[in-house]
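Chemist: Starting from the structure of chain D, add chain Y where the hints point.
If you read the sequences in order, they're chains D and Y. Under our numbering, the first residue of the first sequence carries the number 1, and numbering increases by one thereafter. Under our numbering, the first residue of the second sequence carries the number 302, and numbering increases by one thereafter.
Don't read these hints as lab results, they were simulated from the structure. Fair warning: there could be bad hints in the mix.
Pairs of lysine to aspartate or glutamate, DMTMM-like flavour, derived with a Cα cap of 20 Å [to be verified]: (1) D:Lys211 <-> Y:Asp558; (2) D:Lys262 <-> Y:Glu433; (3) Y:Lys512 <-> D:Glu220; (4) Y:Lys512 <-> D:Glu266; (5) Y:Lys498 <-> D:Glu102; (6) Y:Lys512 <-> D:Glu162; (7) Y:Lys498 <-> D:Glu166; (8) D:Lys197 <-> Y:Asp558; (9) D:Lys262 <-> Y:Glu459; (10) Y:Lys563 <-> D:Glu162; (11) Y:Lys406 <-> Y:Glu433; (12) D:Lys197 <-> Y:Asp455; (13) D:Lys211 <-> Y:Asp455; (14) Y:Lys406 <-> Y:Glu553; (15) D:Lys211 <-> Y:Glu521; (16) D:Lys197 <-> Y:Glu459; (17) Y:Lys512 <-> D:Asp154.
There are 2 protein chains.
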Amino acid sequence: MNTYKAAVIGLGSMGLGIATSAHRAGLTSVGCDINPASCQALRDAGAALADTPAAAAQSVDALAVVVVNAEQTESVLFGPDGAAGALPEGSVVLGCATVPSEFSKDVAARLAERGVLVLDAPISGGSVKAAEGALTVMASGPADSFAKAKPFLDAVAETVFELGPEPGQASTMKMVNQLLAGVHIATAMEAVALGVKAGLDAETMFDVITKAAGNSWMFENRVPHVIDGDYTPRSAVGIFVKDLGIVLGEGERLGMDLPISKTAHERYLAARDMGLIGEDDAAIIKVYAEQAGITLPGDDT
Amino acid sequence: MNTYKAAVIGLGSMGLGIATSAHRAGLTSVGCDINPASCQALRDAGAALADTPAAAAQSVDALAVVVVNAEQTESVLFGPDGAAGALPEGSVVLGCATVPSEFSKDVAARLAERGVLVLDAPISGGSVKAAEGALTVMASGPADSFAKAKPFLDAVAETVFELGPEPGQASTMKMVNQLLAGVHIATAMEAVALGVKAGLDAETMFDVITKAAGNSWMFENRVPHVIDGDYTPRSAVGIFVKDLGIVLGEGERLGMDLPISKTAHERYLAARDMGLIGEDDAAIIKVYAEQAGITLPGDDT
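Chain D with its partners taken away, still in its complex shape (with noise of 0.2 Å):
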């Protein structure tokens, strides 16, 4: 066992993962989530848990926050039993949920205070990858921060884009791939539909798209799951209403107007209402079948 402790808060499907590569490739593991279940798949793969973010953050040399949004990642470290208050000096903190750029800053500085490092580590590559040590990670921050964190990167990353010295930097990168990603997803579905409305089908538009300048790795990615009728999420509706409501948020501070991002997200939000939001993503297409009168694979079982 390697004495470098490495701890991650929050051990849903992409943390577990981190938490479960770091233990395999020597680290000192440790894991807290909220969720027993998550916790049992943790210590079932032989890693240690601690009780709360503060206890976890006892002695560790690099924690990650591997939460959904800004929110719970400001209650993980600054809230009651957070781990801000128990992280040694000197300790190097990644913070790898998709949130705006400004918090990113924020809570580097408010961590600075009390002489604990901060990598601002958005994360991409879904939880496949996160198993098997292999993440994509888009990382800004000072020199010290990425020297304190080698060890952990080394263990859970296979690419780690460096972005530049200032916390933020990594999380506008994520936020430009979130507003790609999320859009590119509502487009094939809206494609999709078209074509099947049209007289297409899904599954030879997937052969002709994937071969052809229309192609996205959305596109690729999401439409077999409505060829097999599948909406069990792999990402779930829930989470693109809100990056892309970071997106927005993020033009609106510049003063920037995002159209198609805005009518993106306005898919999901009608997605949601139509009581998607723990949906895969895919089942955007479901907003298109319903104005339109389609029927999709899986509609007739």
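Modeler: Only chain Y this time, still in chain D's reference frame:
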């Protein structure tokens, strides 16, 4: 010289490449265009020229209509000196323009009255692929049409998707592709503009996004034009003014809301209104730059 005769009406960058590829493959290749420079380019490649579509159609096996839209297709087939009256019985017309599927069906019905076969055959791949004889063709029509067109398709295409026995099916697929492609270009520009406004540079965004879930074929293809500050039209703003217009018309015909396509189309119209209709479609970013006060690569030169 093969006795199979192929004619190409419309010698823009795509048609010229197709006619040249057919000639290189040993077919008897004849081209026709109202632009003398395009005609000269084909003559330089060693192929024959015809003065009118009717003259080009004399004793052909296959005649490809490689013009911009339905109006031009109508004109070169059925207008004065149009090909329709001169096409031999049993020859095949390949409709390669992006047109509404109803138009494809209508053309097929009118040519069938003259004993002429039709293949609905929109193309993609760009001018480089056209010149290499390596196009992607989305094709639909009866087996007779495919059989008659085969020597021509073998000469000019790398991939032929056989999308069904009815004219119109291929045009519908092309429309789905153009919806995705047109939205992805405009979305790439919205995302890059937001990133630049928030302090990132376009090159860094390109490096990260092309390896992340936000990637699209169009992001990867068009963002380099922004990085280079080079808006020489590889595909001009006007193409998607037209093609997203077809998408929206088809949505209307089918009673289907396509809000993302509509919003993206408005970006192309805004670029047109800024006088950018002849620039590369990456110039959509200038619409954002003007609204948000962004300096783009090349602005300072």
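Chemist: So, for every hint listed, does it hold in this structure?
Modeler: Hints versus structure:
Restraint check: the Cα-Cα separation between Lys211 of chain D and Asp558 of chain Y comes to about 26 Å, which exceeds 20 Å; the hinted pair is violated. Taking the CA atoms of Lys262 of chain D and Glu433 of chain Y, the gap is about 41 Å. The hint is violated against a cut of 20 Å. Restraint check: the Cα-Cα separation between Lys512 of chain Y and Glu220 of chain D comes to about 14 Å, which is no more than 20 Å; the hinted pair holds. Only pairs whose Cα atoms come within 20 Å are accepted, and Lys512 of chain Y paired with Glu266 of chain D is rejected, the gap being roughly 27 Å.
The straight-line distance between the Cα atoms of Lys498 of chain Y and Glu102 of chain D is roughly 14 Å, inside the 20 Å bound, and the hint therefore holds. At roughly 14 Å between alpha-carbon atoms, Lys512 of chain Y and Glu162 of chain D fall within 20 Å of each other, so this suggested pair holds. Annotation: proposed proximity of Lys498 of chain Y to Glu166 of chain D holds, straight-line Cα distance about 16 Å (limit 20 Å). Note on Lys197 of chain D and Asp558 of chain Y: the hinted pairing holds, with a Cα-Cα distance of about 11 Å set against a maximum of 20 Å.
This hinted pair does not check out: Lys262 of chain D and Glu459 of chain Y have alpha carbons roughly 39 Å apart, beyond 20 Å. Of the supplied pair hints, the one linking Lys563 of chain Y and Glu162 of chain D is violated, its CA atoms being roughly 37 Å apart against a limit of 20 Å. A distance of roughly 30 Å separates the Cα atoms of Lys406 of chain Y and Glu433 of chain Y; the hinted pair therefore is violated under the 20 Å criterion. Pair hint Lys197 of chain D plus Asp455 of chain Y does not hold up; C-alpha atoms about 32 Å apart against a cutoff of 20 Å.
The straight-line distance between the Cα atoms of Lys211 of chain D and Asp455 of chain Y is roughly 19 Å, inside the 20 Å bound, and the hint therefore holds. Under the criterion of a C-alpha separation no larger than 20 Å, the hint pairing Lys406 of chain Y with Glu553 of chain Y is consistent with the structure, at around 18 Å. The suggested pairing of Lys211 of chain D with Glu521 of chain Y holds, with an alpha-carbon distance near 14 Å, which does not exceed 20 Å. At most 20 Å may separate the alpha-carbon atoms for a hinted pair to count; Lys197 of chain D and Glu459 of chain Y exceed this at roughly 29 Å.
Between Lys512 of chain Y and Asp154 of chain D, the direct Cα distance comes to roughly 19 Å. Compliance with the 20 Å bound is thereby established for this hinted pair.
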